[in-house]
Amino acid sequence: MPGRFDISSRIVSQKEIAPDTFLLRLYAPEIAENAVPGQFVMVRPGLEEERDPLLRRPFSVHRADPDAQQIEILYRVVGRGTRMIARKQAGSHLQVLGPLGRGFSLPKGKIPILVGGGLGTAPLLFLADVLEEKRAVVVLGAVTRSQLLRLQDFSSTGLEVLVATEDGSLGNRGLVTEVLDRLLGRLEKDARKNVVVFSCGPMPMMRAVAGLCGNYSVECQVSLETAMACGLGLCLGCAVCSDTGAFLHVCRQGPVFPAGQVDWSKI
Amino acid sequence: MSAGKARFFLQAKWTGARSKMSRQQQTFLGNGPEMKVSIGKLELKNPVMLASGTCGYGPELADVLDLTNIGAIVVKGISMEPRAGNPPPRIAETPCGLLNAIGLENVGVEAFISSKLPWLHERNITTIVNILGNSVGEYQALAARLNKCPGIHALEVNISCPNVKEGGVAFGTDPEQAAKVAGAVVQACDLPVIVKLSPNVSDICSIARAVEDAGASAVSLINTILGMAIDIQKKTPVLGNVFGGLSGPAIKPVALRMVWQAARCVDIPVIGVGGITSASDALEFFMAGACAVQVGTATLVDPGAAGRVLQGIVDFMQENHYQSLKELRIGP
Ligand SMILES: Cc1cc2nc3c(=O)[nH]c(=O)nc-3n(C[C@H](O)[C@H](O)[C@H](O)COP(=O)(O)OP(=O)(O)OC[C@H]3O[C@@H](n4cnc5c(N)ncnc54)[C@H](O)[C@@H]3O)c2cc1C
Ligand SMILES: Cc1cc2nc3c(=O)[nH]c(=O)nc-3n(C[C@H](O)[C@H](O)[C@H](O)COP(=O)(O)O)c2cc1C
Ligand code: FES
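Line by line, the protein sequences are chains B and Y. The letter at position 3 of the first sequence is residue 3 when you use the numbering used here, and the numbering goes up by one with no holes. The letter at position 58 of the second sequence is residue 325 when you use the numbering used here, and the numbering goes up by one with no holes.
Treat the hints as calculated values from the structure; they're not laboratory data. Glycine included, every Cβ here is placed at the ideal spot set by N, Cα and C.
If you want the ones that stay clear, here's a sample from chain Y, every Cβ over 12 angstroms from chain B, calculated:
(1) Lys303
(2) Ser305
(3) Ser382
(4) Glu389
(5) Gly418
(6) Asp441
(7) Pro442
(8) Lys447
(9) Gln454
(10) Ser473
(11) Leu493
(12) Lys501
(13) Gln585
(14) Glu586
What follows is a set of in silico ranges between Cβ atoms, one per label pair, in the way DEER data are often shown:
(15) His93/B to Glu443/Y: 52 to 58 angstroms
(16) Gln500/Y to Asp20/B: 16 to 22 angstroms
(17) Pro349/Y to Ser105/B: 24 to 30 angstroms
(18) Pro385/Y to Asp52/B: 35 to 41 angstroms
(19) Gly3/B to Leu493/Y: 35 to 41 angstroms
(20) Pro417/Y to Lys266/B: 39 to 45 angstroms
(21) Lys593/Y to Ala246/B: 45 to 51 angstroms
(22) Pro385/Y to Gly79/B: 39 to 45 angstroms
(23) Arg531/Y to Glu48/B: 31 to 37 angstroms
(24) Ser402/Y to Glu178/B: 54 to 60 angstroms
This is chain Y alone, in the form it adopts within the complex (with noise of 0.2 angstroms):
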């Protein structure tokens, strides 16, 4: 029985999950399609993660899901110093969809390794630190610091997120920028690095050219899409930064196309993120190229998510005899 074939259960708690769980286990000891994957020298039991900002630092979903049944948990951005976030109103729903506008709030990456890494770290949890600087220079210095700690298994250099004014967007939208943090953090680390990029572009390949010439090991997109809400009662805009992000079912076209794009540019991996709550979503970028997925707005809802679209994905490779992930993609 190879210990990468499909083993894992939906947490017990997840209404309904018992009896299936019986019938997957009968089906699959030992001959399920193959689901693991490799992100550079990373490999992952299996292709689902859970998208940065949506899962926390893990202890906040222990209690729903099961995070070691997980492919990878890719932590909230971390800068070097402690961020205080943005004034609320921080979010406002939208016809299927979520606008945030949260401002990287985070605890800098010092209270990061010592009071939250411990805990993934023991569990044996593939996790994947998501980072973000304002400068060239903090990006590196953050790459430097995280590579020397132990549970870390790679970084994923967020370039994209468009909350906050000074830097993130700007490194994110121009490719020679993208370029330069991204080679930044290669040389300043030994673990694998994932680029996310922004969908605020023109042209997505020129970015993922960019960053894949610059070493990184995969990208990863989406990231949120720049948009706003405004109260008409009121006369002002809902979010107290007026634009916020928008992710959820409502990117979900939005980011296939992106993915089947930078999958036709690029050589390394794509990572799909994007308004993924199902497996037959996460299933349709596989289609379009990606190696692997992030489920991140449908978590917040549902903090089961993950474990559904994980065992939906084997469930159909299943009946519809699929071997492997690679046989899933349409096309070259």
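Okay, chain B solo, but in the shape it has when bound (with noise of 0.2 angstroms):
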């Protein structure tokens, strides 16, 4: 198992880069070279010596950059724990745990399609930048253009990118659920099985996603949140329903997951 490291990490830069949604660059130099895309870490939105909020927020790594020994994360503003992390400025610190839990497997030979919603994309710039295969697609949703986040740099990743939007404000009209449908649709069967299909999104987006690629018989992994309180597998908090009736621990043997190994109708 690679190691997973406990550090204070410096604040190199947070920028607000949409409303409530801000961009923050830490200075982890063990977590930027250890951490793959899909993994996470622990935040702690206080100082050591306050006990409120209690635990620990999880993020995905949004980017990591081994050479300026930095990591991005990229969150939304919804709670407590949030609001307290956005006021922090830079050359400030934040006590950051990772990386943490299991990220994508790319199975070789095969054609990543990416599939994002919202804040979903927080961990596919990651592994968008490190792929090798360069015939893979990004689709990437949102209720609105504004709120379609990074699409500046998934383009210069120099993959194809293919954008939905709610209102129509940009790219396609509608759910990215429908652009992967005509992506997979357009293939033939035995091009189906060259395909892996990476999500991450809101839970409906995500249970969509499984079931499109569950029709298809196109492999598909996804990235599931749930309330966690320490990420390590120590509390055994982070249950989720399996296929098979057993419970899932999202922080160990997660947060990506086969869509197939979860049971969407418990979610």
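Once you've looked at the hints, go ahead and assemble the two chains, each given alone in its own frame, into the complex.
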């Protein structure tokens, strides 16, 4: 098992790139060197001696730059913890534990399709960065144009990027799943064996993506979110139901799972 | 230089530990306060343990905490058969606290012995196995099964987990039942037996005395306090199990009060658990009469917490010229 590190990480920069959505850059050499796409970190919102809020918050590694020894986190302010993190200035420090969990696994020779909705694009940019298969396609969706995050950065990876907005303000009008449906529908049956879908986004979206891939018999990996206390496999708090009825632990066995392993009726 | 003197280092990966480490090493080699504690025939190198259910079976923590420097690890509660645990959501954050309804998910005693225990044994980590059963017979069978296993140093009997409907809570709230379980476990093994008490009782002393009379080597307290949270938007309880156990800094004052009471009504060692996050929290428990402490929820938040707690206790004792942990206790 690769190492996990608990480090006091200096904030290199923090920018509000969309309303309530922040891009945080941290100096975290050990994590930048060891992280793989789909892994996450646990960030403490307060100081060590503060006991409220008590728990650290999980965030996907949005980008890792081993040369600069930095990582990026893309997050939205949804509650107290994220609000506290958003107030931190460059130069101050955050306690960060990582890299944690199991990331995406890249089957050799398969063409990846990356499907992200809303903040679900967070782990996918890191994945797009490291993909060697340049025929990969990225499908990004949001309610409206201004909520499409990091579009420029996805484009500069050189991969084909398709966009869907629910209001039609950019790209296809509609849902990412409609774009995915068309992509997969166009493939010959044999070609579908050579495709793998990586998905992260709101649960209803991932459920739909998993369903589509099931119908087309296309391999699919999803990145799940649950409440977490430790992120290390200590508390067993991050359970989700699996297809066998047993529980999966998102922080250790995931957060990325083969879509078929998840019992979608119980999420 | 006595092996029992404070000679341990914070894990070097821990931020800031490096500089502290060299200072501590210089100061303590040979002349630190006495940190050994005895629980029955078991001698711990220091009084800071990891609480059951918050440290897995060990390897999960190994990257960020040196387990060989900790007094003992109390592994996740083990039952005869594997248990799947409760439906999610299983955890919820509350002010300064954590609600959990894990439902005693565990691999079962056979898998524990074959696939978890060897890792701890090979590393010489002092290991206390937390056990739970649905009947007196199951507790007894667990004790008998674990008795012969190399690498187990003591048992901690969980008679207090509020999560499992079939029994857990009943044993811990009735002195007679508690004594029956304790007695059966003591009979079934040669290991020191710690009984872990529930705070969800009106008279902690009668339970503590009952298990002492039944032959327990020590009591540990408190387990989590029964609680719940409601999501007002969804108009449903947050936890899948409705109720859960509250832990963390929020419960420390309750734990401290109960440790104070228990320490004044039994002669066996009392192990303090509940909300310990820092050395000063732990010192309060020693002053209340605890002979050792367990760090639980703090480890979930901060996996190096126990190392820092231990270091801080030594620092405090050194600075305030305490030679032994016993001197910390207030009054009788
Ligand atoms: C593996 C993983 C990766 C994630 N990656 C990202 C990311 O890249 N960007 C991003 O914006 N968010 C991400 N999230 C969600 C993020 O963790 C939550 O938005 C955040 O914890 C909310 O904290 P809060 O204090 O602001 O909200 P509050 O609602 O005040 O939090 C209360 C408690 O609930 C937990 N909680 C609330 N919402 C979620 C949620 N959706 N998932 C898990 N726990 C939650 C909090 O951690 C906290 O313990 C990820 C979650 C997981 C599990
Ligand atoms: C997630 C979780 C799981 C726990 N599992 C167990 C268990 O299996 N057996 C047990 O005796 N106590 C269990 N406990 C209780 C702790 O060992 C401890 O008694 C309690 O949490 C209070 O201490 P703390 O505030 O330091 O966490 C668990 C606690 C938590 C938070
Ligand atoms: S969050 Fe604690 S085990 Fe997964």
